[in-house]
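Same order as they appear, the protein sequences are chains L and H. So for the first sequence, the working numbering puts the first residue at 1; every next one is plus one. So for the second sequence, the working numbering puts the first residue at 1001; every next one is plus one.
Just so you know, these hints were derived from the structure itself, not from any lab. Think of the CB as a built atom: it goes at the ideal place given N, C-alpha and C, for glycine as much as any other residue. Keep in mind that a hint or two might mislead.
[As the list claims (entries may be wrong)] Straight-line alpha carbon distances no greater than 20 Å define the calculated SDA-like cross-link-like pairs of lysine to any residue that follow:
| id | chain 1 | residue 1 | chain 2 | residue 2 |
| --- | --- | --- | --- | --- |
| 1 | L | Lys335 | H | Asp1234 |
| 2 | L | Lys306 | H | Ala1032 |
| 3 | L | Lys375 | H | Pro1171 |
| 4 | L | Lys335 | H | Ala1032 |
| 5 | L | Lys306 | L | Glu328 |
| 6 | L | Lys335 | H | Leu1112 |
| 7 | L | Lys306 | H | Leu1112 |
| 8 | L | Lys306 | H | Gly1111 |
[Stated by the list, open to error] Facing chain L, a subset of chain H residues (Cβ under 10 Å, in silico):
| id | residue |
| --- | --- |
| 9 | Leu1165 |
| 10 | Ala1193 |
| 11 | Asp1234 |
| 12 | Arg1235 |
| 13 | Ile1327 |
| 14 | Arg1330 |
[What the hints assert, rightly or not] Stretch-level coverage of chain L by chain H, calculated; a stretch enters the list once three of its residues show a Cβ under 8 Å from a Cβ in chain H:
| id | region |
| --- | --- |
| 15 | 141 to 154 |
| 16 | 234 to 240 |
| 17 | 252 to 264 |
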Amino acid sequence: MSPIPRAGCALERMSVVATPSVNEARADRWIPTQGRQAITSTDCHRRRANVLRRALQELTLQRDRLRSRPLNPAAKGKLVPARRVNAFHISLGALRSTRLALLASTFSFLLVSAVSPGAAPTQGEGASPPRRVVSMNLCTDQLAMMIAAPGQLYSVSSLARDPAMSLMANQARAFRPNHGLAEEVFSMQPDLILVGSMTTRATVAMLKRLGFPVVELPFETSFDDMRANIRLMGEVLHQTDRANRLIEQFDADLNRLQQVQAPRRTAVLLHPHSYTSGTGTLANEILNAARYDNVAERLGLSSVSKLPLEQLVLAAPDLVVTDSAWEEAPALAQKTFSHPALLALEATSAKAVSATNRWICATPQLIDLIADLSKAGRVGNKSSMSSAGSGTRQ
Amino acid sequence: MTAPVPYTLLIGMLSALVGLLFAGSLLTGPAAIGFTDSLIALVSGQSSDAVVLVMREIRLPRAILGLMIGASLGLTGAALQGYLRNPLAEPALLGISASASLGAVLAIYTGLAAILPLSLPILALLAAIIAVFVVRLLAGSRSDVATLILAGVAVTSFAGAMTALALNLSPNPFAALEIVFWMLGSLADRSMADVWLASPFMLAGWMMIAGLGRALDALTLGEATARSLGIRLDRVQALAVFGTAVSVGAATSVSGAIGFIGLIVPHLMRPLVGARPSRLLLASALAGAAMLLAADIAVRLISPDTDLKIGVLTALVGAPFFLWLIIKTRRSVL
C-alpha cells in the first residue's frame, strides 16, 4: 500500500466514531490501492463537511462499479488526486473549532471540485446518437419527451409523473422514473444524463466524477433562452430537425397571437407568500406576450420579489393571476389569496386562477397559457385556467 | 421604594405613547398614501376604494394586532416575573411562545384551521398551557433562576424542533419556509379575520391576569407570608398560568413567536412604578404595546420590501439586554 497522508483522516476519526470502520472494511475489500487512495481521502474530506450519507453512497457506487466491470482509464483520471486534497487536510488539521473546520472543509471541497476536471459532454458531429438517456429535471424531462426519438429516452424524473407539476404526466408513465439519486441513475448506466441548472448539485457533481456525460440546461428567463435550450436538446439527442420544428411552430403560434388587435391591459402575478414575477423573468415575458403590462415591472420589481398587498391593492390591475397549487396542503403562503383586501379587489379586477404546472417549465406548451391569458378577463369576470391536460405538441 | 413618577402620570404618558405609535403604525406602509387621505379613508371611508381597502383591511388589523399582542407579551412578562419571583421569566424564554407556535402549526398545516377557524387559537393555547406545566415540572417548586431557564430552553428547543418537523413533513413546499415566521414572528398582511379570532382570547387572558395584582404584591413577601395574608396560592397559579397561556397562545397563533418583549418591558417599568407588581401589570401592558408597535413600524421602515421578521428586531435589542440582566442577577445573587 502506498503511503497515504493520514492527517486529515485522523482528525476526522475523532469526530465521527461509528462509520469509519464500516467504510474502511468496505474499502479494503473492494477497492484496489490506487482507487482507495482517491476515495478514502475524498471520503474523509466530505464526511467532515457533514455529507456522510452521500459519501457512503459514493463508496457503494464505486464498489458496485468495480465489481461489475474493470476500471476504465478515462474515468480513473477524473477522480480527485489524493495529494491535492491532503494539502488542504493538513492545513485543516490546525483548526480545532468544529464550526470553523466545517466551514473550511466545505470551502476546500469547492476548491477541489473546481480543480478536478468535470466530465465534459462533448458530442462530436460524427458521434452516434445517445441510446439510453436519463433526464433528472422536470423541465428537461418534458423537453426530452417532446424531442427524443422513440426508444432513446430511458428514464425521466418522478416529478414528471406528478400532474400538479408536469404537463406531460401521462406520457411520463411510459418511462422509468428516477428520483434524482446518484445511485439509481448510476445503476441505469445511461450514456447521457440531462439535468437542469437547479438539479441537486452534489448529485450532478458525483455523476460527472463517475465519468458519465452530463448535459446541463441553463435556467430560462426568456423565450430566447427557451429556444436555445430546445436547440441544445436537439443537438445532444441528435434530433435537430425535431427541435427546429418545435421552435418554428412556437414562433408561428406566437406571431399569430400577437396579431390580435386589442388594447394592452395591466396584470399581476401573485405567487404564494406574496411573491410576484417582475423584470427578467419568463413569467413576465409570458404576460407581455399575452398583451399585458406587468404591474410588478411598473413598480420597478425585478426577478421574483415580494409584492406588498398594499401596493397590489393600490395598483388595481385589470387581471390578478394566482396559483392553485397545493390547495390540499394548507400553508400560510397561500393565505394572501384569501385576504379580504384581495377579495375586495375582485370588484374592479378580473381574477384568474392558474395551475402552477403551466408556469414551471419553458416548453412550447407555454403557447396555450399565453392564449388563455389573453382571453382571461375578456369573456367573463372570473375565469379559471386549470391545467391544459397532457396534450403534447409534436 | 417610592416611584420617581406619579403612577397616574406614568400611565397617562404611556397611553399617549401607545396612541401615537398606533397612529404611526396606521400611517406606515409601502403604499404611499397622504396623511390626511389615509385618516379620512380610515374614519369616514370617503376616498378612493383602494385607499379605503388599504387602510381598513390591511393597516388597521396590523396596528390593532400590534397593540394587543404587545400588550399581551408585556403583561404576561410582568405577571410571570411576579408570580415566579424570577427576573428572567418571560413567555418566549420559558418556551410558552414556541409551544404555542407548535400548536398553531399543527392546526394550520393539518387543515384543521381551514375547517374550524377556532381550532387555531385553541390548539395554540392548549400547547401553551402544557408548556407552562412542563416547565414548572422540570424546574420543580423551588424554581431558582438557572433551573427555570434551563427548563424553558429545553421546552423551547423541543417545540421548535417539532414545529420544524411538522412543517418539513407538509407536502406543501412553502411550509418549510414558514419555519422562520413561526420562530421569529411577523405582522405582515394580517387581516381583520385574525383580529376577530385572536382578540377575544387575549382579552380573556388579560382579565385573568388583571385580578392578580394584590396576590403578586403579597407574594413579594414570600409564599408563607402571602398565604397568611389570605392569598389562595392555587388560585393564583391557575390564573397566572391560564391567563398567560390564553393570551400568549392566541397572540402567537396569529403573529408567530415574538421574543424578548415580555422580558425587557417589566424591567424597564419596574423602577418607574416603585417595584410594585400590581402597578407593574398595567404599565408593562402599555409599554409592551408601545414597544411592539414601534418594532413593527421600524421593520417596515428598515426594509419595506423584504418582510423583515419582528423577532429579529426584538432580539437585536433584547439579547444584549438579556445578557446584561444575567450578569446583574449573578452579581446580586453572589
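Close enough to count: is the Cβ of Arg1235 (chain H) nearer than 10 Å to one in chain L? 38 Å, violated
Straight-line Cα separation of Lys306 (chain L) and Ala1032 (chain H) no greater than 20 Å? At roughly 17 Å apart (the allowed maximum being 20 Å), Ala1032 (chain H) and Lys306 (chain L) satisfy the hint.
Satisfaction of the Asp1234 (chain H) interface hint, Cβ to chain L closer than 10 Å: It is violated, given that the least Cβ distance between Asp1234 (chain H) and chain L is near 39 Å, above 10 Å.
With the threshold set at 20 Å, check whether the alpha-carbon distance from Lys375 (chain L) to Pro1171 (chain H) stays at or below it. Violated: Lys375 (chain L) and Pro1171 (chain H) sit about 32 Å apart, past 20 Å.
Are 3 or more residues of the region 234 to 240 of chain L near chain H, judged by a Cβ distance of less than 8 Å? With 0 residues close enough to chain H, the hint is violated.
If you draw a straight line from the CA of Lys335 (chain L) to the CA of Leu1112 (chain H), is it 20 Å or shorter? Given that 20 Å is the threshold and the Cα spacing comes to 14 Å, the pair holds.
Take a quick look at whether Lys306 (chain L) and Glu328 (chain L) sit within 20 Å of each other, Cα to Cα. 24 Å, violated
Is the interface hint for Arg1330 (chain H) satisfied, with its Cβ closer than 10 Å to some Cβ of chain L? 27 Å, violated
Between the region 252 to 264 of chain L and chain H, see if three or more residues pass the 8 Å beta-carbon test, and mark the coverage as holds or violated. Contact hint for the region 252 to 264 of chain L vs chain H: violated, 0 residues under 8 Å.
Restraint satisfaction for Ala1193 (chain H) [CB to CB of chain L, less than 10 Å]: This interface hint holds because 7 Å falls under the 10 Å limit.
A closest beta-carbon separation below 10 Å is what the hint needs, so does Leu1165 (chain H) meet it against chain L? 15 Å, violated
Given the hinted pair Lys335 (chain L) and Asp1234 (chain H), is their Cα-Cα distance within 20 Å? 41 Å, violated
Consistency with the previously given hints fails for numbers 1, 3, 4, 5, 7, 8, 9, 11, 12, 13, 14, 15, 16 and 17, ordered from lowest to highest.
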